[in-house]
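Working from the sequences, and respecting the hints, build out all of it.
Now for the letters of each chain:
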Amino acid sequence: MGSPKNPAVKRYIVRVATLMTLYLVVLFTAKWTFENAQVEGPLAYALAIAPALPLIGVFWAVMRYLTEESDEYLRMLVVRQCLFATGFCLTIVTIWQWLQNFDLAPASNGGFGAAFFWFIGLGFGALYNKLTLGDWGNLW
Amino acid sequence: MKNRLKVLRAMRDWSQADLADRLGVSRQSVNAIEKGRYDPSLPLAFAIADVFELTIEEIFERDA
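Quick note, the sequences are listed as chains R and D, same order.
To convert, count from 1 in the first sequence and add 7; that's this note's numbering.
To convert, count from 1 in the second sequence and add 1; that's this note's numbering.
Heads up, a few of these hints could be off.
[To be verified] With beta-carbon atoms standing in for the labels, derived distance ranges: (1) K17(R) - R5(D): 32 to 38 Å; (2) T93(R) - K7(D): 33 to 39 Å; (3) L90(R) - R63(D): 23 to 29 Å; (4) R13(D) - L73(R): 30 to 36 Å.
[Said to hold, decoys possible] With a straight-line cut-off of 30 Å between C-alpha atoms, the simulated DSBU-like cross-links for lysine-lysine are: (5) K7(D) - K137(R); (6) K137(R) - K17(R); (7) K36(D) - K17(R); (8) K36(D) - K38(R); (9) K7(D) - K38(R); (10) K137(R) - K12(R); (11) K36(D) - K7(D); (12) K17(R) - K3(D); (13) K3(D) - K36(D); (14) K3(D) - K38(R).
[Stated by the list, open to error] Derived coverage of chain R by chain D (criterion: at least 3 residues anywhere in the stretch with Cβ under 8 Å from a Cβ of chain D; other residues may be distant): (15) 25–36; (16) 76–88.
These aren't lab readings, by the way, just hints derived from the structure by calculation.
For glycine and all other residues, C-beta sits at the position ideal for the given N, C-alpha and C.
Dropping the structure here:
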């Protein structure tokens with residue numbers, strides 16, 4: 008993780024920590040409710056979508072970091088990281104989809120959606136930065 | 002893009018962190034620019050020129 012002195016990084020860490028805590032609370036609440044209560048109609052849809060919202064919030068936190076980071080080099084590293092993550096995620100989900108199309112992969116993805124692969128891609132993107140430019144970047 | 006950042010810094014006895022502080026950027030930025038791994042934007046190149054009281058052309062060399 009980047010320098011703790013960097014105010015943009017500090018804000019990013021606080022936002023992501025808050026959102027991930029919220030994610031865990033919402034996820035377990037939604038799971039428990041679906042398992043223990045009869046939820047139907049619009050409420051069921053709202054409850055099913057609820058765990059996605061904090062994850063979307065993490066996408067927002069990454070983009071917000073990009074607008075708040077005043078150091079152009081550090082910003083460029085994270086842009087490269089995001090592009091790498093996007094390419095990685097699209098590649099995995101496209102391959103997965105075609106395996107499903109020909110019944111070679113199960114219809115369910117076991118809860119590992121695009122967000123999971125994008126976050127994994129961010130890690131690989133940081134590694135790509137380190138190998139090609141010598142710096143990990145601030146978000147990894 | 003080649004540059005004389007390391008020499009100019011040494012002439013003033015500045016560390017990379019000293020130059021970074023003067024420019025308001027990270028030490029990683031100074032290191033990346035110095036090693037030619039990152040070409041600064043025009044505003045940052047002007048800021049570097051101002052810090053050294055030189056022109057951009059006296060610090061950066063265009064690629065052959």
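To see whether the hints hold, each was checked on the structure:
1. Checking the proposed 32 to 38 Å range against K17(R) and R5(D) shows it holds: the Cβ atoms sit about 35 Å from each other.
2. The supplied range of 33 to 39 Å is met by T93(R) and K7(D), whose beta-carbon atoms lie about 36 Å from each other.
3. Taking the beta carbon of each, L90(R) and R63(D) are about 27 Å apart, inside 23 to 29 Å as hinted.
4. Separated by about 33 Å at the C-beta atoms, R13(D) and L73(R) satisfy the suggested range of 30 to 36 Å.
5. At most 30 Å may separate the alpha-carbon atoms for a hinted pair to count; K7(D) and K137(R) meet this at roughly 22 Å.
6. Proximity of K137(R) to K17(R) is assessed by CA-CA distance (about 22 Å); at most 30 Å being required, the pair is judged to hold.
7. Between K36(D) and K17(R) the alpha-carbon distance is near 28 Å, which keeps this suggested pair within the 30 Å criterion.
8. For the proposed pair K36(D) and K38(R), the alpha carbon gap of about 52 Å is over 30 Å, so the pair is violated.
9. Between K7(D) and K38(R) the CA atoms are separated by roughly 58 Å; this puts the pair beyond 30 Å, and the hint is violated.
10. As the CA atoms of K137(R) and K12(R) are separated by approximately 21 Å, the hinted pair is consistent with the 30 Å bound.
11. Proximity of K36(D) to K7(D) is assessed by CA-CA distance (about 9 Å); at most 30 Å being required, the pair is judged to hold.
12. Restraint check for K17(R) and K3(D): not satisfied, since their Cα atoms lie roughly 34 Å apart, outside the 30 Å limit.
13. The hinted pair formed by K3(D) and K36(D) meets the criterion: a straight-line CA distance of about 8 Å does not exceed 30 Å.
14. With a C-alpha separation of about 57 Å, the suggested pairing of K3(D) with K38(R) is violated against the 30 Å cut-off.
15. Here's how the stretch 25–36 of chain R fares: 0 of its residues keep a CB closer than 8 Å to some CB of chain D, so the rule of at least three is not met and the hint is violated.
16. Under a criterion of three residues with beta carbons nearer than 8 Å to beta carbons of chain D, the stated coverage of the stretch 76–88 of chain R is upheld, 6 such residues being counted.
Hints 8, 9, 12, 14, 15, counting from the list given before, are not met by this structure.
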